[in-house]
Amino acid sequence: MTMIRLKNLSKSYKLGKEEIPILKRISLDVEEGEFLAIMGPSGSGKSTLMNILGCLDLPSSGGYELESMNMVTGQENKLADIRNQFIGFVFQSFHLLPRLTALQNVELPLIYNGWKKKERKERAMDALKKVGLEDRASFRPPQLSGGQRQRVSIARAIVNKPKFILADEPTGALDTKTGEQILSLFQELHEEGVTIIMITHDEQVAKKADRIIYIRDGELFKDRSEDAYA
Amino acid sequence: MLENIRISFQSIWGHKLRSSLTMLGVIIGIAAVIAIFAIIQGRSEELKSNLIGMGNNTVNVVFEEADMYEEEGMWGGEVTNRSAPPIKQEAIEEILTYPNVNGMSIYYEGWQEAYHLINVTHPKLLGIDERYLDLFPATMVEGREFTELDFDSYSQVALINDVAMSELFPEGDALHQTIDISGMPFKIVGIFSDAEVDSDWYYPEPTIYLPATTWPLLNGFDAPMQVAVQASSSETIQEVGTMTADRLNMDLPPYETALYQVADFERMMEEISQFDQAFAFILGGIASISLLVGGIGVMNIMLVSVTERTREIGIKKALGAKRHVILAQFLTESVVLTSIGGVIGILTGLGIAKAISVFANMPFYVSVPAISGSFIFSMLIGIVFGLLPSIKASKLQPVEALRYE
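Residue numbers (my numbering), protein chains in the order written: chain A, 1 to 230; chain B, 1001 to 1405.
Hints listed in this document are in silico derivations from the structure and should not be mistaken for laboratory results.
Yeah, the Cβ is synthetic: ideal placement off N, Cα and C, and Gly gets one too.
Among the clues, some could well be false.
To be verified - Here chain A is said to cover these stretches of chain B; the calculated rule only asks that three of the stretch's residues, wherever they fall, bring their Cβ under 8 Å from a Cβ of chain A:
#1 1217-1230
#2 1311-1319
As the list claims (entries may be wrong) - Derived DMTMM-like pairs (lysine to aspartate or glutamate); straight-line CA-CA distance at most 20 Å:
#3 Lys116/A x Glu1003/B
#4 Lys118/A x Glu1148/B
#5 Lys121/A x Asp135/A
#6 Lys1322/B x Asp175/A
#7 Lys78/A x Glu1205/B
#8 Lys1322/B x Glu32/A
#9 Lys1395/B x Glu76/A
#10 Lys1088/B x Asp1222/B
#11 Lys121/A x Glu1270/B
#12 Lys161/A x Glu32/A
#13 Lys1395/B x Asp57/A
#14 Lys117/A x Asp1222/B
#15 Lys1392/B x Glu76/A
#16 Lys1187/B x Glu1148/B
#17 Lys1322/B x Glu76/A
#18 Lys222/A x Glu31/A
#19 Lys1392/B x Asp57/A
#20 Lys163/A x Asp135/A
#21 Lys14/A x Glu1400/B
#22 Lys1395/B x Asp175/A
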């Protein structure tokens, strides 16, 4: 079943009078339960694609559907709800709040979703257990190692049981060994049926995914050859 | 909400120096208001209670030309030199039966030298009737008060206070001695000290009491009298005074142009409160300037704080925080900051006022409306000056905020 459908999606920025295209008529289907890697060098438009997939930014034209729901809406609060309920973010630099404990960080999406305190704590604790950090629940990010921090942010991504996880260079700030552990955690989640979209520039990392697509100069390719994907 | 307040405290505590410097403006402004208010209020409360009712709900009914209080305001007016016709005993008895009248006294008052051997004093001399000490109690140190017999038989006896005693009898032992007033001998039958006429305004002065019936011996039969009535409470002073004056006026001969009158306390009150208002106005001006400066400081720091926390805002927005959540967070922080400043300012202000009242021997009055008003105002500053930075924070775009390093 197709979960995400991008149709002729374009994005361009205005720089003075000039219109600079970043994404050019991109079309992409992602199946439910798929583990997809999007690869591309810097400047290829992969960050912009990820922002649009994450509903952090809006496309200039084209369609974006998630389970047949139209995701292109101008309302800020609606987008906030979509991000909160449907998407789990994992960032390269973790993006944890340093003054909150691991548990509190994981609780954040539930707070914005209006959960009651007790259930919130239980749910967040379950997510931490899932990434094997229940014994670090009361630690603050600066007291955790890089791998542990990334696992906290994965716990935060899955705590609201999102439709898919959007991971932006999840191993970029980690050493190879720790990166491996994070990737195997993703594979575990994938085996449980979670849809994952991972953005990376590292071939070794991308290989862990079911499918790799390449992005270059704002266009998608099935492989490194010049054939356009769509 | 509670969570927001807790987070605000954490964040303020996390930047102790910066937060306290920011609060300083608010603290100084509020402290100044509270301190000056406490002192001025204290003064004016005391002024009121002394002016009106001499501290014990007593008021003088004065025999004066009819238009005294009408034309000249509070203190002006011609005081007549003529004395009032004698007051009938039945009028006094009638007034004493009026509601809310606690007591009444008719007495004479003047300043006359008194001698004992080579010692002299210049006391306040009072010719008192048998009810005077009920209204203005004195504590007897030695001897006795006047008896009915003293009044009825025109006894030349005197009560002197401890100040007069120390001036006339430096060696002590004044009881049963004779003093000389205008060439007349008076025997001291009692020594008193002024009862707690509870104020710093009364400087202890030598005072000598004589029976009112002996007053004509010294000053003739037409010496002007004083009439004092005591009301049961401060609220009824005006009413009691007016009723007394009206009753006494009934007995005046028709050709009399002077009347018994009482001061218009409501008008006096009004003038005092106008004075207070003028002060409050100046004060308000000074305070608003310092609070404005304080508020701008708060706004400045909040703007810095928003910039510093751009990434935090981005993360929260990415995770689904809506605009109002971010707005509430920063607004709460700003209000908590200025409220803490307000509380510290109130405590500091009260401390300063207390210190001034102790060192300068001034009354001190804790005004609850001033305190609660200041607190609410400090919160208001937080809202007003926190609004712009909070709106700025809430409007940040998540993409740009996340990219911010």
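Violated constraints from the hint list, given by number and in increasing order:
1, 4, 6, 7, 8, 11, 14, 20, 22
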